[in-house]
Amino acid sequence: MNWETALPLLIVLSSLIPGLIIFFLAEKQVVARITLNMAAALIKLALVGVMLWGVFHGHHYEIRLPFLPGLDLVLRADPLSMLFVTLSASLWLATTVYAIGYLEDSPNRSRFFGFFSLCVTATVGLALAGNLLTFVLFYELLTLTTYPLVVHRGTEVARLAGRKYLIYTVGGGALLLLATVWLYTLAGTLEFTARGFLSGLDAVHYPALIIIFVLLIAGLGVKAALIPFHGWLPQAMVAPAPVSALLHAVAVVKAGAFGIVRVVYDVFGIEFAASLGVTLPLAILASATIIYGSLRALFQDDLKRRLAFSTVSQVSYIVLGVAVAGPIATIGGLVHLVHQGVQKITLFFCAGILAETLGIHKISEMNGVGRRMPWTMAAFTIGAFGMIGAPPLAGFISKWYLGLGALDAGQNWVIFILAASSLLNAAYFLPILYRAWFKAPPASWPDERSFGKRETAWALLAPAVITAALTLGLGLLASMPYSPLEWVRFITEQEYAP
Amino acid sequence: MTGDIVGIPWIVVLIVLPLTGGMACFLFPTISKSLGLIFALAIFTAVVGLGWQLVEQGAQRYAIGGWGASLGIDLYADGLSLLMLVTAALVGLGVSVYSGAYFSREKAKHFWPLWLLLWAALNALFLSADIFNLYVTLELLGLAAVALIALADGADALNSAMRYLLVSLLGSLFYLLGVALLYHSFGSLDIAILAQRMEPTPAVWSAVGLMSAGLLLKTALFPMHFWLPAAHACAPAPVSALLSALVVKASFYILLRLWLEVFALTDTSLGQLLGLLGATAVLWGGIQALRQTRLKLLIAYSTVAQLGYLFLAFPLGTNIAWKGACYMLLSHAIAKAAMFMAAGNILRFCGHDRIADLDRIAQRLPLTLTAFALAGVSIMGLPPSGGFIGKWLLLEASMSAGQWWWAVILILGGLLAAAYFFRVIGYAFTRAGLTHEVGVVPARMEWAALVLALAAILLGFISPAALELMGIGTPFGGERAG
Amino acid sequence: MSGVFLYALLGVGLFVLGLYALIIHAHLLRKILAINVMGTGVFLVLVALAAGNPDAPPDPVPHAMVITGIVVAVSATALALILMLKVSVATGKNHLSDSTRD
Amino acid sequence: MSNIVNIFLLLLAPGLPLLLAIPALRRRVPWPAHLALLPTIVLLFLPGSFSVELPWILWGNAGMGIDTGARWWLAISVVIWAASASCLQTPDRRGAGNRLTTLFLLTLVGQIGGILATDMVSFFTFMTLMGYAFIGLLIDGGDEKTRRAGRIYLVLLILADIALFEALLIAARSTDDLGYEAVALAIPPSPSSALYLSMVIAGFALKAGFWPLHVWLPLAYGSARPAVALLLWVVPVGTGLFGAVRWLPLGELSAPIAGTLLQALGVAGILYALLFKVMRAQWKQLPAHTAIIAVGMFAMGLGTGLLDPAVWNQYGHLVPVFVAAVGLALAIMIAAFVWLEKREVFPSESDREALWLERWAKDIIRWGRRAGGDTLPELCALWLARWDSFWQAFTWQELFDAGEYLLQRWELAITLFLLLGMVSVALLWLDATSVL
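As they're listed, the protein sequences go chains A, B, C and D.
Following our numbering, the residues of the first sequence are numbered contiguously, the last one being 603.
Following our numbering, the residues of the second sequence are numbered contiguously, the last one being 554.
Following our numbering, the residues of the third sequence are numbered contiguously, the last one being 609.
Following our numbering, the residues of the fourth sequence are numbered contiguously, the last one being 889.
It should be emphasised that the hints constitute simulated quantities derived from the structure, not laboratory data.
Note that the structure is predicted; figures quoted are calculated from it, not measured.
Just to be clear, a hint being listed does not mean it is correct.
Claimed, not checked - Among the chain C residues that face chain D by a calculated CB cut under 8 Å, a handful are: (1) Tyr514; (2) Leu521; (3) Val523; (4) Leu526.
Stated by the list, open to error - In silico DMTMM-like links for lysine to aspartate or glutamate, alpha-carbon gap of 25 Å or less: (5) Lys600(C) x Asp228(B); (6) Lys269(A) x Asp841(D); (7) Lys815(D) x Glu831(D).
Cβ coordinates follow ideal geometry from the N, Cα and C atoms, glycine included.
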């Protein structure tokens, strides 16, 4: 085993092993747990950095384990997987810091952090999956490891939310599995290949392939919260804030979106998918989700629920970018994978801070909160503007490429979807900002905790501020070498190479 | 050295060892716990030895006492037997470790001899080369199993033991009648010889019907599962584990063996009928499991559903399908044993097994719940687990055979399984209305369940090797394309 | 239609009769007896079929099977009787009660 | 050497206010709002045109620079900003006044950056910052009337941003370089030039308050604090007009329809303001109507430029002068009113009539709430109820229970075996007869 095979495995193990150890730590071993968590997150980030460099310089990282007759478990680093791996690894670090601050003095922390690490393992494994089988494996693993986090609080509400979460995700997983097996019996391979591996199939199989595509998208769409499979996401918001932040805003929904990207590009191949006529319905579905999610967000008073519906809407940008079919739209969709993650995690961090520090859960309670917590709300403001797509924030870059790509592909109607979505985003974010900054604060907050001179615990605030800064940086310095945008261009060159 | 190991007639050792162990435990009841454990380890080693032998030398045939066919007793071991032996050895070892802490001294005195006798019957059954020996071992197995169920006190347990006994005897008699007809038609009891002489006559048809019916009754295939839930739910936890994991599989093994080698009826409507019954079992068992309010009954119904999976291979009849069913069998055995053990822990901890009142077991009994959850993963067929491999192979087989409806059943069964397991897990995280007195669960019991559950997961990673071992002596016919 | 087959059919008939009794009788002792009758039916079939050809000496294998079968049947019956006694002590009834339903 | 100084100043002009906008950084700085203008003032006195390309920013061809046109805008802006800064009173450093200063400085960054930007994307970016910060400035601590003005302007601003974004996309389709000259050259031959023109005109009309989208201006003038009222002309309106000049391919393209439309809008705006409003307006709204008239005149000018490129090429350079003049006039007007108001010449007035824009917005929200908040959940509940009754009507649960109960009767199962036994007798009989 040399470095090039070991590295993908190490990246997966760097959160798996600490996660397993953490389960066996006693509640009181706080220092050990924090050290382990932070060390793991940093090591993972370092390994990902090395791999990023390697992939850019043409190194080939791959490890295979025989799993089934004719099918291996494959972990492979290609540019697309690196995009997602880097996102998860860096946001994991931020969220770990945040979670340490957030869960101070709450019960069952070992269990929480254990499953948290396992979730990241599943996400990273899913990103590195080199074939559909490996993907399915980690996809299911993600379902299993997130469930304990959703029901972490152990209330009846949490149990019901967990139930709903499972009904959706396990059902989706089942469809995915069925489609995968079917695909395997038709194609004889499941290996992700740039520009797909199905175009060589006999035309007799095309109807079957269309059904498979629908099944795959339905299975993945559950996690990506495409309508009508989005119902679990707002419910799952009963989970603790770091879970909502990392998992529901980033890991889980992104896993679905990432899967759709994989299916469209590396299983079907974008040209082949377009020739099957399945990309346009997908684009329409994504557009409907974008609009519907925004509309629902508009009428939520619960902050986390509003953010959840916003996620429903925003994640479909990725799908839209993929489905519009064209190199530029692809850039927009893929880069939104990163940008939406960074922005949404900022928003969720802030929502969690508000809930922890002031006991605020509803938007109607947020009057004047900007005066009490200027840093938090500044971060929130940046995140919200990013979501609206205001320049020069990260969301603008995604929207720009999506719009340009749609024009480029001759799908002008997408522009109107984008415009309507921006309008709606503004309509549900700006009132929050208005309340927070310009309304007079109430005499007392619902449930205030004092942190001395600071507005809140630094472990909560720092990650939020850092991700907010990233939101700005990713947009402003979009053309910097190694920026997500540049990386996505690098990916797109491969997927669309003549 | 290698030659020495390969040279030992492990086949015989495998039958003699548990028998001797049973005797020893019966004679020295005071040290039966340690004796039992030692013998369990020895049997496990012997299975490994046999496996080695099979890998080195291929399928084995051994005539006891050199008497040879017709009156003598022949033993035969190939990949399929090895699979079953390994299943029995793994589960048996787990159960032995678990039972060492589970039973009181009084009960242990009865448990160990019976359990080793059961193990002997199992091993002999898996190694028998003729259909009459299969009958004898089947009866032995049934009697030992009934006695084990009766170990649990209470009217319910005795009732279900009695019911099980009658059913078991009935099934065996049907089988025996079939044996008589087969012998009459072909003048031999040896499976290999029967396979050569096989031809479809009305008597053979009636034998097939009788034997299959008897075995299906003992395997508790829908709609003949009526005896199973009560028996499996009332028995003591390790016994439940044995029954669900091994005893029902024994009769399935006989059916499989006959079907593969003697009957060769895959393409007939009988295969489709079995598949249909299996599919119904999957759905019906799943729905009933979902409707249970008690944990052990839920697990018992889950067994009904899981047994249905095994029969989905019959209408397909391809190499992959058989292998899938066998993998399913193996992983279900291990996972279900772990699950019953976990349920036993919960029962001991809470004093009840009402699902709605589990009250934060996740916090208070984390190892056990982990075991339960991991076993559940395998039962649901989620990756990576043995159950997933089995399900995948079956799915692949049904999709390649163009019989996609079986694939749908498999998927639906998985969903139902997920529904009923997560129902339990969900309650295990939440606070219940009433708290209850807390019993002590020895660490050994928790770890035994956990290790078995981990083994079920681990099965997901060793499938290439396992499938190759299973194929020794090509019990499933050649590799067919598709 | 030889006498051998007549015996065999008689055996099967006994078997079916036993089965019928097993179903309709609730009393456990009767059920156990019914099982025994069924067993006897099977043994009869075996013995009858052993003498397949009236001229040749009878085949020893079915006889061996029958003897083994009888041993098995005896032990099974013993176990069944013990169990029946325990059931009637525990429940006060001589028949199987319905499975418990929650 | 001087080149480096130039670049440094170019970056510092928006950069310094941006830094000072962070409260922690200006805590010990005296007169931060004035200090922030300093690099811009120095920049005004540097001779010649120069620019700098900024790598890595957005798409890589972003840049900042100053030329003659920009200098005029910058000059008038600096004057008015300085005046406004002097009016800006920050009574307490940590409270509301502190935030006001932040918003003030952010608006300043946006405006100066917008003027200095040499490409459309940078301009758009700065203008977005300016727009939102200015709304904050407008409504911060204001009464209900300013908040109303802010709300309306916000809606217009968002719509404008969307329109301009579309225009940007169309431009980017036509050319990779989004510098003003490149776009002006690339748009005329492009097939979507008409769409581009309409988007740009719509966007800046919304931003600058062309008639009939001017409704927020009187409200804002009527109630904003003096410091903000001074800025109303240069910031939202002036920058909008400036943008229109920069973004439209004036002098390169002859667009009769768009030109005529603009001219018509301009005339209509002037007439409307003159005939219906100026005569009856409250004193404080007079600057607003003056502004509307000026915007109308400007629109006429732009329209003429679009109709006949030659005219624009000849007289286009006068546009900044015009804007500067109007700006100064308005500033003086406001200063006078402020002075008069301080002496309590005017009674406080209220204006409660709802504007069409607000009515529409309210209707849409009410409709949406009804659809999303009432109808949908009701429909859901209805279906759920049906589903429930479906379950109950067919008593599925009992069916499963009864089924299992039946299956648990062993008589039933064993009867199957009885049948099987009989079949085997029959088969055996068949076999026997066939042997004989």
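For each hint, the structure was consulted:
1. Tyr514: Where the cut-off is 8 Å and the nearest Cβ of chain D is about 11 Å from tyrosine 514(C), the hint is violated.
2. Leu521: Since chain D brings no Cβ nearer than about 10 Å to leucine 521(C), farther than 8 Å, the hint is violated.
3. Val523: Nearest chain D Cβ about 4 Å off; hint holds.
4. Leu526: holds (5 Å)
5. Lys600(C) x Asp228(B): Holds - the C-alpha atoms of aspartate 228(B) and lysine 600(C) are around 12 Å apart, at most 25 Å.
6. Lys269(A) x Asp841(D): holds (17 Å)
7. Lys815(D) x Glu831(D): Judged against 25 Å, a Cα distance of about 22 Å means the pair holds.
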